[in-house]
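> For the sequence shown, this note's numbering assigns the number 1 to the initial residue and increments by one for each residue that follows.
Wrong hints could be hidden among the right ones.
[Unchecked claim] Computed list of lysine to aspartate or glutamate pairs in EDC-like fashion (alpha-carbon distance at most 16 Å, straight line):
1) Lys287 with Glu35
2) Lys446 with Glu177
3) Lys66 with Glu79
4) Lys254 with Asp221
5) Lys247 with Asp221
6) Lys6 with Glu421
Hints are computed from structural coordinates only; laboratory data are not their basis. What you are looking at is a predicted structure, and each value in this text was computed from that prediction instead of being measured.
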Amino acid sequence: MTRQAKAKRIHLAAHFPGVNNTTVWADPRSRSQIEFSSFEHLARTAERGLFDFFFLAEGLRLREHKGRIHDLDVVGRPESLTVLNALAAVTERLGLAATVNATFNEPYELARRLATLDHLSGGRAAWNVVTSSDAFTGENFRRGGFLDRANLPHSRLRSSGGTPITRAAEFVSVARELWDSWTPEGVSRPFAHRGRHFDIAGEFTVPRSPQGHPVVIQAGDSDDGREFAAATADVVFTRQSSLAAGKAFYADVKKRLAKYGRAHGDLKILPGVSVVLGDTAADAQEKAAEIRRQQTSPQTALLTLEQIWGADLSAYDPDGPLPDFDPVPDSGITQGRTRRGDTVAIAEKWRALAEEKGLSIRETVIEAGGRQSFVGTPQAVAAELDAFVQADAADGFILVPHLTPGGLDEFVDRVVPLLQERGVFRTEYEGSTLRSHLGLAAPEQKG
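Take these sequences, add in the hints, and give me the full structure.
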């Protein structure tokens, strides 16, 4: 099957698994989360599949639950930029994206590290900007929660009226000033930045990189996050649970671009998704159900519920009903994990779901906790991915496999060729930089 030339092209990226309970640890095919061979295998598979980029998360402290290390998480995570610099030597076209915290780094040093990766990779670097007000994580840096949540992560952006900006927004702005401080001809110019969070001056040590600026990624669905993305980011990593939700998010974020002088195509929206394939629809559904059961063990189900309810629920039966009392807000039972928002509202939603479908604790966690998944035969999944993009619910997808490191193999072998046949995915890389893969113009040099 082929498509007309006017059809939108699909962007694909790969997320290295190993955070929360995404990975099925008990599967005999599951391998190391820290050995270079695991990173290399997944990256080479993504490049074989002509993906735009390979994406690493970040963890700056081991999570704790009820005062103990959370042993259901991965027990370590190497520093992302170090891993990506190594991957630059064993890949040729694949973009390399690192999640790096703007709270516990400084603009000069991080801009230098990212520019170095961009040079070593020939223009394939990307930075997923995250922030933290978490004093628990901050203890590793002797800073605690020195930034209150009003300044994190993306509220109060720079406007024509000169209103204050957050550390995250100013951090990105300073990094771009540094990347622009060398001319394309190789002439270094002094820089000076005076702002609310940063007061620095000097000369940047790294010449302008192959794609001008590394690609900037933002993750988050809040209103502040959407505004930050529209003003600053090149890619949004989001999470939507349905086609309708995806279309609403897509339309909302895209319409914000104009007030920042940006065009519709200047920002790519890529939801994180999982894919389960089977030879028949029934086979795929059976596999998906088994994966969800493996991802949410009875222990994991109770732990997830404790994060919502803020209380010790170890006496509860995972196959029994949800608690009948309301959550305890901000109990601190879990440390080092992203806040879940209004836990009382979440609990009400989960109770309604459990009552409607007659679900146990474990079944409710499975039902409520799954990210957008595409389950079916390769032909059905290819058609559904395509339909999502053509309906303006996304510009593409970041695939989050449940196995390390072979979780992408089947998708690349069985789905990518079908997308190519539909005329909505590349048959070869058409450029050498990540910006070229994403269809993003080189940034105009300022200053």
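> Check each numbered hint from earlier against the structure, then list the numbers of those it violates in ascending order.
1 and 3
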